[in-house]
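*Asks:* Each chain is listed here by its residues.
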Amino acid sequence: MKALVTGGSGFLGRHLVAELEARGDSVTVMMRPSSAARRESGEGVLACDLRRPPEELAASLAEFDAIYHLVAAAGSGWREAFESNVAATENLLDALTVAGWRGRFVHVSSFAVYGTNQLARGTTLDESTPLEPEPGRRDNYAWTKLLQERLVRERLGAMDEVELVVVRPGAIYAKERRFQYRLGRPLGEHVVLMLGGSIPMPLNYVENTASLLAECGHNPAAAGETFNAVDPSPPTQRAYLKAWREADPQLKVIPFPLWVYRLLARALERAEERSGGRTAPAAFLQPYVMEPSLKRLRYDVSRATALLGWEPPVSAGEALRRTFPSSSESNTSVSRRDSSSQL
Amino acid sequence: MTPIRAAVVGLGGIAEEHLVKLHRLQGVEVAGVCDLSQTLVDAVCERYSVGPGFTDYDRMLAETQPDVVHVLAPPATHAALVGAALRAGAHVFAEKPIAPSLAEYERMREEAVARGLLLTENYNYLFMDSTRRGLDLFRSGQLGEAVNLDVSMGVGLGRAAYGDPDIRHFAHDMPGGALRNFASHPASIVTAVLEEWSSLAVSQRQLQAGMPGNDELRALVGDDRVSATLSITTRSQPSQFTWLLRCSEGTLECDVFGQRLQVIAGGSPLSKLSGEVRQGIGRLGAAAAQVGRAATDRHSYFEGFERLLDDFYAAIADGRPSPIPLAQMDATNRLVEEIFEEERQV
Numbered sequence: 001m002k003a004l005v006t007g008g009s010g011f012l013g014r015h016l017v018a019e020l021e022a023r024g025d026s027v028t029v030m031m032r033p034s035s036a037a038r039r040e041s042g043e044g045v046l047a048c049d050l051r052r053p054p055e056e057l058a059a060s061l062a063e064f065d066a067i068y069h070l071v072a073a074a075g076s077g078w079r080e081a082f083e084s085n086v087a088a089t090e091n092l093l094d095a096l097t098v099a100g101w102r103g104r105f106v107h108v109s110s111f112a113v114y115g116t117n118q119l120a121r122g123t124t125l126d127e128s129t130p131l132e133p134e135p136g137r138r139d140n141y142a143w144t145k146l147l148q149e150r151l152v153r154e155r156l157g158a159m160d161e162v163e164l165v166v167v168r169p170g171a172i173y174a175k176e177r178r179f180q181y182r183l184g185r186p187l188g189e190h191v192v193l194m195l196g197g198s199i200p201m202p203l204n205y206v207e208n209t210a211s212l213l214a215e216c217g218h219n220p221a222a223a224g225e226t227f228n229a230v231d232p233s234p235p236t237q238r239a240y241l242k243a244w245r246e247a248d249p250q251l252k253v254i255p256f257p258l259w260v261y262r263l264l265a266r267a268l269e270r271a272e273e274r275s276g277g278r279t280a281p282a283a284f285l286q287p288y289v290m291e292p293s294l295k296r297l298r299y300d301v302s303r304a305t306a307l308l309g310w311e312p313p314v315s316a317g318e319a320l321r322r323t324f325p326s327s328s329e330s331n332t333s334v335s336r337r338d339s340s341s342q343l
Numbered sequence: 001m002t003p004i005r006a007a008v009v010g011l012g013g014i015a016e017e018h019l020v021k022l023h024r025l026q027g028v029e030v031a032g033v034c035d036l037s038q039t040l041v042d043a044v045c046e047r048y049s050v051g052p053g054f055t056d057y058d059r060m061l062a063e064t065q066p067d068v069v070h071v072l073a074p075p076a077t078h079a080a081l082v083g084a085a086l087r088a089g090a091h092v093f094a095e096k097p098i099a100p101s102l103a104e105y106e107r108m109r110e111e112a113v114a115r116g117l118l119l120t121e122n123y124n125y126l127f128m129d130s131t132r133r134g135l136d137l138f139r140s141g142q143l144g145e146a147v148n149l150d151v152s153m154g155v156g157l158g159r160a161a162y163g164d165p166d167i168r169h170f171a172h173d174m175p176g177g178a179l180r181n182f183a184s185h186p187a188s189i190v191t192a193v194l195e196e197w198s199s200l201a202v203s204q205r206q207l208q209a210g211m212p213g214n215d216e217l218r219a220l221v222g223d224d225r226v227s228a229t230l231s232i233t234t235r236s237q238p239s240q241f242t243w244l245l246r247c248s249e250g251t252l253e254c255d256v257f258g259q260r261l262q263v264i265a266g267g268s269p270l271s272k273l274s275g276e277v278r279q280g281i282g283r284l285g286a287a288a289a290q291v292g293r294a295a296t297d298r299h300s301y302f303e304g305f306e307r308l309l310d311d312f313y314a315a316i317a318d319g320r321p322s323p324i325p326l327a328q329m330d331a332t333n334r335l336v337e338e339i340f341e342e343e344r345q346v
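Line order of the protein sequences matches chains Z and G.
Heads up: the first sequence is residues 1 to 343, going by our numbering.
Heads up: the second sequence is residues 1 to 346, going by our numbering.
So here's chain Z without its partners, still in its complex pose:
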């Protein structure tokens, strides 16, 4: 199978390319021209910035049987998020329309698209959970990922020869991406302000995400379906940070009670109302923005297994071990002592 991976040089993209190649696919990575120029070889590379694609993009898409759309931006201003997540996707969809493309399109969406604020504590979140009803109140990432998924569904839904699969990963993690906003706030390279501690985090080990995406590109039963990508047995924030501290004794964890955070956020929200919007709290102190990351929910991860017969290749325990490999014996004992006092 000939596969194209947009964002293929990124964190998830590199793992997906390896997974697809292991399955015997011929993989082409779409990357920005400046990144492509740094590669030793141009083989397997399609140099293209989807924010300003070349006119000939449509012609170069025809050869692919499957497209995995991973391009995304997080943590930037609204316009940058819009350009990378929405405008870039729209440009790709325009090119597919011009090309009259046919094939399997695997779109990487996000857990951020769910209307988590509207869910009661303890609710089970699955693929049927309603999407965010008020996108404008969420952060730039959630807002643009919602617009992106909406656009993909509208445009590809009108193309008869395209089989769309949408995958919504939880928080993707690996050794090279340990920090997750579901933990709280980073206060420095080795300092985490932990908001709460006992909330289960819907994590997805990067190799499991890549495996599910590849399965969705190949398995006929995936056509037209939507899958969440979350590992079974989500660890709590405290368990995750404990594993981290054991691997990195320098890590300092400052616990911060969630109820104090919520009280502060609500006080700032009321101050905003009283000031007519002149003192709007920063995004990380807006309840509607932060609550989706801190809500205590359950996660049903059975759909991919039931429909595709797919199982995550890396167990939750093994994924944590790979993310936080143990340091030397002496360091380990120090970190354990430290972690018990901190956590």
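I should point out that these hints are in silico values taken from the structure, not numbers from a laboratory.
Just so you know, even glycine gets a beta-carbon here, dropped at the ideal spot from N, CA and C.
The reader is advised that the hints may include incorrect statements.
Facing chain Z, from chain G, some residues (calculated, C-beta under 10 Å) [said to hold, decoys possible]:
#, residue
1, Val20
2, Thr39
3, Leu40
4, Leu117
5, Leu118
With chain Z fixed as given, assemble chain G onto it according to the hints.
*Replies:* Just chain G now, kept in the frame of chain Z:
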């Protein structure tokens, strides 16, 4: 009272600041927003609860009949957008730089004056509290006459859109490149003190590879009595904007982004002591304000912008001149133009 109807054209990154602040202004309603991308227009209308949205600018002007148009598209498009707004009878609030050349600015100005409409370029930093208090004190004459002025701006553009190797930022295509995109801010401080000048020498350099143009500018400007320096660098972190005005009877030192003004005046031990105490209290206040900003979305960069918009819309409501006098816009645009003229370079 009928609300003032504002329209916005150009939904780039700065549009958020305009839309959020317009939403907060009493007596003002957003009549329409416009950009080339329908998807972007729809998204912005949804996100900021504004509308209707347009991709056809002339249609927006005709259908919404705005009282004010905020022109936020790249500077190369301003002449056409500002001209159409003025001909439609709307006042104009334009992002800086209002035009990529003095000649284009002067044509807009002429049209606005002929039609009796306000034309204002966004010199938001003049309206930061610290800058405003400092300049008011200078104008009051309490510090005597100006002797010299140093204005310095450092903005870190390496990681931002300006350094994107794949998409060239519009600023690089103006004479002076990215430096020109910022020059009106320090230039507007210079022209607040020095309306005319008889000499100008400029040094521009590219000290670091990675940006498609110069990243450092130093200008020396003056007349028979006052001299000023204007410096911009686009590769320092964190961003900082300061000015120091020495006068015959005192000195003003202003940290524009940090919102701190230091007044050094008087020679008696008692006045020095009271000055130090005032500075200490001022620094404590500035530190508390920084904590407040960290908890809110009041970025210090844009605090002056909110005040400028308040004053601009109050001027429209009352039929008064713009809070930024045309004479200062003239001087600022002339200074920026001259700074980037080839014969000024040393």
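*Asks:* Work down the list of hints and note, for each, if the structure agrees.
*Replies:* Against the structure, the hints come out as follows:
1. Val20: 8 Å, holds
2. Thr39: 6 Å, holds
3. Leu40: 7 Å, holds
4. Leu117: For Leu117 of chain G, the interface hint is violated, since the closest Cβ of chain Z sits about 29 Å away, which is over 10 Å.
5. Leu118: 24 Å, violated
In summary, the numbered hints that this structure violates are 4, 5.
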